[in-house]
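Visitor: Turn these sequences into a full structure, and let the hints guide you.
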Amino acid sequence: MQYFIDVTVTIPPSVEILRNTGERIVMLSDPLSIDCVGTGKPDPDITWTKNGGELPQNVDLDGTSLLISSVTDEDAGQYECTADNGVGVPVNDYIQVAVHYEPTAEIETDVIYSGPGHTLSIICMVEGSPTPDVSWFFNGNAITDFSGRTTRLSKVKSSKIQHELTIRPLIITDMGQYECLASNRYGQFNDAVNLTAIPKKVVITSEQVSEYSEAYRISWTVWSASQLVSNKILLRMKSHLPGHPKNHAYNYDSRIE
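So for the sequence shown, this note's numbering puts the first residue at 1; every next one is plus one.
In short, the hints are calculated from the structure, not lab data. Please note that the accuracy of each hint is not assured.
[What the hints assert, rightly or not] Pairwise CB distance ranges, derived in the manner of DEER restraints: (1) Thr72 with Val111: 30 to 38 Å; (2) Asn141 with Arg185: 19 to 27 Å; (3) Pro130 with Leu153: 16 to 24 Å.
None of the values given here were measured: they were computed from a predicted structure. All residues carry an ideal CB built from backbone N, CA and C; glycine is no exception.
Guide: In C-alpha cells, the structure reads:
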C-alpha cells in the first residue's frame with residue numbers, strides 16, 4: 001500500500017528595489033522609473049506607497065515597477081515597496097527621490113521709491129534644488145558687510161525661500177541698483193531693483209475743462225519719500241495771434257518752502 005502526502009513549502013517574502021543607493025536624483029521634467037523585485041512562495045503581492053500614504057495620480061504602475069513620465073518638484077519624497085504573500089510579516093524596501101532643478105529669483109517690483117532716513121527692505125523669492133546660495137549686489141559690487149546698517153534674513157515659504165535685504169537708515173549714496181543672485185550646481189539666476197529718491201510720477205487731479213471762463217486752476221498730487229523743494233510746470237500755449245508761435249512752452253518754477 002502506498003501513501004501520498006501533499007507538502008506545501010512556503011517561503012516568507014523578500015523584496016529589493018533595484019539600483020538602490022538610498023537616494024535617486026532626477027531632474028525636473030525627466031521621466032522616473034523605479035523597479036522593485038519580490039520573491040517568496042507563494043509569489044508576493046507588491047504594493048507601493050509614498051511618504052507612508054497613497055501614490056499621487058501622476059504615478060503609473062507597470063507590473064512591480066513605478067513610473068512617472070514627467071517629474072515635478074512635488075514628486076520628491078520617500079517611495080516604499082512592500083512585498084506580502086501571507087507568510088510571516090510583510091517586508092519593504094524604500095528609496096528617497098530628490099528632484100533637482102536650476103534656480104529662479106524674483107523681486108516683486110522694478111523700482112523702489114525711498115529716500116535718506118527711511119528703511120529699505122527688498123524681498124527676493126528664491127526657488128531651486130539643491131537649495132540655491134544667494135548673494136546680494138549693489139551697483140554690480142557684492143555686498144559683504146552685514147554687520148552694520150545692512151542685514152539679511154532667510155525663511156522658508158512653501159517651496160520657495162524668502163530672502164530679505166534690509167538697510168537702515170538709508171543715506172543718499174545707497175541709491176542705485178540692487179541685485180539678488182541665486183545659484184546652485186545647475187546654474188544661476190538674478191533679478192534686480194532700482195532704488196531712487198526721485199518722486200513718483202505726477203498725477204494731475206484737476207478737470208480738463210476749467211470752471212472759469214478766463215482762468216484755469218491746476219492741481220496735482222505726487223508721492224515722495226523726501227521733502228519736495230520745487231515744482232516745475234511746463235505750459236504749452238496754443239495761440240493764433242500774429243507773431244506768436246502756435247505752440248510755445250513756458251517754464252514755471254514754484255519754490256516750496
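Visitor: Would you mind marking each hint as holding or not holding in the structure?
Guide: Okay, the hints, checked on the actual structure:
1. Between Thr72 and Val111 the beta carbon distance is about 34 Å. The supplied range of 30 to 38 Å therefore holds.
2. The hinted window of 19 to 27 Å between Asn141 and Arg185 holds, with their beta carbons roughly 25 Å apart.
3. At about 21 Å, the beta-carbon gap between Pro130 and Leu153 stays in the expected band of 16 to 24 Å.
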